[in-house]
Amino acid sequence: MTTLTPLKALITRVRTETWNIKTYYVKLPDEAKLPKPGQFNMLYIHGVGEVPISISDLDEESRIAAHTVRFVGSVTKTFELLKEGDIIGFRGPYGIGWPMDAMINKNIVLIAGGIGLPPLRPVIREVARNRSAYGKLIILYGARTPEDLLFTYEYSDYESIPDTEFYVTVDKPSEGWKNNVGFVTNLIKYVDVNPSESYAFVCGPEIMMKFATQELLKRGFKTNKIYLSLERRMKCGVGLCGHCQMGPYFVCKHGPVFPLWFISKYFWVDQI
Amino acid sequence: MSLTGLYVARADSLGILFSELRRLGYVIVGYRVVDGVLRLEELDSFDEFAHNVEDIQSPGKYSLVSGGFYRHGPDSPKRFLYPPTLTLFRVSKEWVASTPTYEERNLAFFGLKPCDLASIKVLDRVLLGVDEYYTSLRRNLVLVVENCTSPGGTCFCSTMNTGPRARDTFDLAYTRLGDKLVLEAGSELGLRLLDVLEVEPIDDATYERFEVVMRNASEKARAGFELNGLPEELELRIESKVYKEVTERCLGCANCNMVCPTCFCFDVLDTPLIDGSAERVRVWDGCLNFTYGQVAGGHFRPDLWARYRHFVLHKFAYWIKQFGTYGCVGCGRCITWCPTGIDLRETVKKVLRGGKDG
Numbered sequence: 001m002t003t004l005t006p007l008k009a010l011i012t013r014v015r016t017e018t019w020n021i022k023t024y025y026v027k028l029p030d031e032a033k034l035p036k037p038g039q040f041n042m043l044y045i046h047g048v049g050e051v052p053i054s055i056s057d058l059d060e061e062s063r064i065a066a067h068t069v070r071f072v073g074s075v076t077k078t079f080e081l082l083k084e085g086d087i088i089g090f091r092g093p094y095g096i097g098w099p100m101d102a103m104i105n106k107n108i109v110l111i112a113g114g115i116g117l118p119p120l121r122p123v124i125r126e127v128a129r130n131r132s133a134y135g136k137l138i139i140l141y142g143a144r145t146p147e148d149l150l151f152t153y154e155y156s157d158y159e160s161i162p163d164t165e166f167y168v169t170v171d172k173p174s175e176g177w178k179n180n181v182g183f184v185t186n187l188i189k190y191v192d193v194n195p196s197e198s199y200a201f202v203c204g205p206e207i208m209m210k211f212a213t214q215e216l217l218k219r220g221f222k223t224n225k226i227y228l229s230l231e232r233r234m235k236c237g238v239g240l241c242g243h244c245q246m247g248p249y250f251v252c253k254h255g256p257v258f259p260l261w262f263i264s265k266y267f268w269v270d271q272i
Numbered sequence: 001m002s003l004t005g006l007y008v009a010r011a012d013s014l015g016i017l018f019s020e021l022r023r024l025g026y027v028i029v030g031y032r033v034v035d036g037v038l039r040l041e042e043l044d045s046f047d048e049f050a051h052n053v054e055d056i057q058s059p060g061k062y063s064l065v066s067g068g069f070y071r072h073g074p075d076s077p078k079r080f081l082y083p084p085t086l087t088l089f090r091v092s093k094e095w096v097a098s099t100p101t102y103e104e105r106n107l108a109f110f111g112l113k114p115c116d117l118a119s120i121k122v123l124d125r126v127l128l129g130v131d132e133y134y135t136s137l138r139r140n141l142v143l144v145v146e147n148c149t150s151p152g153g154t155c156f157c158s159t160m161n162t163g164p165r166a167r168d169t170f171d172l173a174y175t176r177l178g179d180k181l182v183l184e185a186g187s188e189l190g191l192r193l194l195d196v197l198e199v200e201p202i203d204d205a206t207y208e209r210f211e212v213v214m215r216n217a218s219e220k221a222r223a224g225f226e227l228n229g230l231p232e233e234l235e236l237r238i239e240s241k242v243y244k245e246v247t248e249r250c251l252g253c254a255n256c257n258m259v260c261p262t263c264f265c266f267d268v269l270d271t272p273l274i275d276g277s278a279e280r281v282r283v284w285d286g287c288l289n290f291t292y293g294q295v296a297g298g299h300f301r302p303d304l305w306a307r308y309r310h311f312v313l314h315k316f317a318y319w320i321k322q323f324g325t326y327g328c329v330g331c332g333r334c335i336t337w338c339p340t341g342i343d344l345r346e347t348v349k350k351v352l353r354g355g356k357d358g
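Just so you know, the sequences run in chain order A and B.
The working numbering puts the first residue of the first sequence at 1, with every later residue one more than the last.
The working numbering puts the first residue of the second sequence at 1, with every later residue one more than the last.
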C-alpha cells in the first residue's frame with residue numbers, strides 16, 4: 001500500500017539565497033533512500049501543507065539534502081519562518097531524475113531559468129566530483145534580475161571545474177551589471193558541442209523550456225538527447241492524486257525529468 | 001464469469017436474497033429514494049430498496065416516477081469504496097504521526113447496475129493494492145447486480161462494452177423479467193445465495209424473452225460512436241476547436257467529476273487542530289475545478305476548454321495508457337448531472353466529425 005504519512009525530519013541549516021529564496025538543509029530520516037539528482041521530496045509543514053521540492057544538493061555521508069525554496073504560495077511562504085533546529089515532515093525521494101548513467105563520456109549542457117537551477121545543481125556537483133567520467137560541461141543560467149540570481153557565491157567554483165563553461169544572463173540588468181542581458185535561450189548560441197555526443201538538461205518556467213527546446217532542436221539536438229524537468233501541481237508525489245498529469249503522464253511518477261521524445265506528442269499542445 | 005448458467009425464480013425472490021445477505025452479516029448498500037433522487041445508502045430492509053421507481057434522465061435533467069426500472073442516481077460505488085473525505089493521518093504536537101485504522105466492513109452492493117460494476121473493475125486497476133481503504137473494503141465486497149432491461153436517456157453502456165448485461169466480476173446477477181427473476185451466479189457466494197431460492201434452470205421460452213429484452217436494451221444504450229480506434233482518433237484531434245465550442249456553456253463546477261464513478265483525483269486539506277496536532281484529509285477533486293492545474297505563480301490549464309479536454313481525453317485515451325482500460329463506463333451521470341446538460345457523447349462525436357483542425 002502507498003502511504004502518504006510524512007516522516008519526521010530535522011532542518012540542520014537555513015541559508016538565505018535571494019530576497020525570496022532560501023535553502024533548507026534537511027537531515028534525511030533513516031527510512032528514506034538517498035535521493036538522486038533531479039528527484040524531489042515532499043516537505044510538510046505541520047498543519048500548513050506539503051510541497052514538492054527538488055533536491056539542490058546532497059551530502060551522502062551526513063545524509064543531509066538541500067532544498068531550495070522560493071516563497072510564492074501559501075506553504076512556501078510559511079517556509080520563510082522555518083529555522084535551523086525546526087522539524088518538518090518528509091516523504092521521498094520521488095520521481096525519476098536526470099539520466100546520469102547515460103552521461104558517461106558525454107558533453108552535458110545545462111539550461112536553467114530562475115528557480116530551475118537548484119534541480120540541476122546536483123548534476124554540476126556530480127560532474128565536479130567525477131570530472132573524468134564526463135565530457136564538456138556547459139552551464140547556461142538566466143534569472144529576471146541580478147538580485148534573483150541563485151548561488152552567486154559558487155559561480156567561481158563552477159568556472160574552475162575543468163572543461164566547463166558557465167554563462168549567466170538576466171532579463172533586466174541593474175546598475176553595474178556587466179554580464180549578458182536577455183533570456184537564457186539567447187545563450188544557447190554559445191553552445192559549441194557535437195550534438196550527437198551531447199545531452200541537454202533543461203529546467204525552468206514552461207515557456208522558457210519550450211523556447212530552449214526549439215533552439216536545441218535547431219542546433220541539431222535529437223529528441224532523445226534533450227531532457228526536461230517539468231513542474232505541475234502535486235499533492236501526493238506518487239501518481240494518485242491526478243493533479244500533475246501532462247497528457248497521460250503523471251509528472252511526479254513518470255517524471256519529473258522526461259526525455260523530449262517521451263512527451264513530444266503532448267509537450268507543445270497548449271494547456272495540455 | 002458465470003458459474004451456473006441461467007436460472008429462473010419468482011420475482012419476489014429478490015426480498016429473500018436481501019434477507020439472506022443480511023443474515024450472513026453483510027451491510028447492504030443499495031438505492032433508496034431520498035428527496036426525489038435515488039441515493040446509494042445502507043439499507044436495513046428490503047422495503048427501503050427502490051425497486052419500484054424509475055429515474056427519467058436526459059442531459060441536465062433527472063426525475064423519478066413510480067413503477068418501471070431504476071438505473072442510478074448521482075452516487076456510485078465510489079462514494080463507499082473511495083469516500084469523498086478520508087483522514088489520511090494525524091500528527092501530534094510532538095510530531096508523532098498516526099494513521100487511522102479502518103474498520104473492517106463486509107459490504108454488499110445490492111441491485112447495482114452493470115455500468116457501476118464496471119466502474120469497480122476500473123477502480124480496481126487504479127486503487128487495488130495501492131489505496132489501503134479501498135483494498136480493505138474491496139477484499140470482502142459482495143456484488144449483486146441487476147442487469148439493465150431499460151437503459152435511460154443518457155446511458156451508453158453498450159458502446160463502452162460494460163452493459164446492459166453484466167458478464168463477469170459479480171457474485172450474483174439478476175434480471176427482472178415480469179413475474180420472473182433470471183439469475184446467474186458468478187462466485188461461490190453467488191451459488192450459496194441461489195441455494196436459498198427455489199430456482200429452476202431457465203426454460204426455452206424465458207431464455208428467448210431474456211435474450212430479446214437484453215438485445216433491445218443494448219440497442220437503447222448506444223452513444224453513436226464506436227470504440228474502435230477512438231483513443232488514437234481523439235488524440236489526433238487534440239487541438240480540436242470543439243472543446244472551446246462545447247465549454248462555452250460549461251460552468252466549471254466539476255459536477256461531472258464528482259458523479260463520475262471512476263474519477264479518482266483528490267486534493268488534501270491540511271488542518272491544524274485545537275490540541276496542537278494537525279491532520280490531513282483527502283477530499284475528492286476534479287480536473288474541471290479551477291485550482292486543479294494551478295500552482296503558486298502559474299496555471300497549467302487556466303481555460304475551461306483545456307480542463308474539459310483533459311476530462312474527455314483522460315477517460316477515452318490517457319486512461320488506457322495509464323491503466324489499460326477506458327476510464328468511462330458509459331453510465332451517463334456526467335451528462336445527466338451537468339447543470340447545463342453538456343453531453344459527453346455529443347462532444348466525442350463532434351470531435352470525431354470535426355477532423356484534425358475542426
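Don't take every hint at face value.
Here are the simulated lysine-lysine pairs, DSS-like style, with alpha carbons at most 25 Å apart [claimed, not checked]: (1) LYS121/B / LYS244/B; (2) LYS244/B / LYS27/A; (3) LYS8/A / LYS241/B; (4) LYS93/B / LYS265/A; (5) LYS93/B / LYS77/A; (6) LYS265/A / LYS241/B; (7) LYS321/B / LYS253/A; (8) LYS121/B / LYS253/A; (9) LYS106/A / LYS8/A.
Quick list of the computed label-pair ranges, beta carbon to beta carbon [as the list claims (entries may be wrong)]: (10) GLY276/B / THR16/A: 38 to 46 Å; (11) LEU236/B / TRP261/A: 36 to 44 Å; (12) LYS83/A / LEU24/B: 53 to 61 Å; (13) GLU60/A / PRO100/B: 30 to 38 Å.
Residues from chain A that keep clear of chain B, each with C-beta distances beyond 12 Å, as calculated [claimed, not checked]: (14) ARG70; (15) SER156; (16) GLU206; (17) HIS243; (18) ASP270; (19) GLN271.
What the hints contain is simulated information worked out from the structure, not anything from laboratory work.
Beta carbons are placed, not taken as given, at the ideal position from N, Cα and C, and that holds for glycine.
Results for each hint:
1. With a CA separation close to 32 Å, the supplied pair LYS121/B and LYS244/B exceeds the 25 Å bound.
2. Only pairs whose Cα atoms come within 25 Å are accepted, and LYS244/B paired with LYS27/A is rejected, the gap being roughly 49 Å.
3. Distance restraint check for LYS8/A and LYS241/B: the Cα-Cα separation of roughly 49 Å exceeds the 25 Å cut-off, and the hinted pair is therefore not satisfied.
4. Restraint check for LYS93/B and LYS265/A: the C-alpha separation of about 47 Å exceeds 25 Å, so the hint is violated.
5. The straight-line distance between the Cα atoms of LYS93/B and LYS77/A is roughly 21 Å, inside the 25 Å bound, and the hint therefore holds.
6. At roughly 18 Å between alpha-carbon atoms, LYS265/A and LYS241/B fall within 25 Å of each other, so this suggested pair holds.
7. Restraint check for LYS321/B and LYS253/A: the C-alpha separation of about 14 Å stays at or below 25 Å, so the hint holds.
8. Of the supplied pair hints, the one linking LYS121/B and LYS253/A holds, its CA atoms being roughly 23 Å apart against a limit of 25 Å.
9. At most 25 Å may separate the alpha-carbon atoms for a hinted pair to count; LYS106/A and LYS8/A exceed this at roughly 39 Å.
10. A hinted range of 38 to 46 Å is violated for the C-beta pair GLY276/B and THR16/A, which are about 29 Å apart.
11. Distance hint for LEU236/B and TRP261/A: a CB-CB separation of about 18 Å, inconsistent with the stated range 36 to 44 Å.
12. Separated by about 59 Å at the C-beta atoms, LYS83/A and LEU24/B satisfy the suggested range of 53 to 61 Å.
13. At roughly 36 Å, the beta-carbon separation of GLU60/A and PRO100/B lies within the given 30 to 38 Å, and the hint holds.
14. At roughly 8 Å, the least C-beta separation between ARG70/A and chain B is not larger than 12 Å, which violates its mark as non-interface.
15. Every Cβ of chain B is farther than 12 Å from the Cβ of SER156/A; the closest lies at roughly 30 Å, confirming the non-interface assignment.
16. Listed as a non-interface residue, GLU206/A fails to keep its Cβ farther than 12 Å from every Cβ of chain B; the least gap is roughly 8 Å.
17. For HIS243/A, the requirement that its beta carbon stay farther than 12 Å from each beta carbon of chain B is not met, with the minimum near 6 Å.
18. Residue placement check: ASP270/A does not keep its beta carbon more than 12 Å from all beta carbons of chain B (closest about 7 Å).
19. Its beta-carbon lying about 3 Å from the closest one in chain B, GLN271/A breaks the requirement of being farther than 12 Å from that chain.
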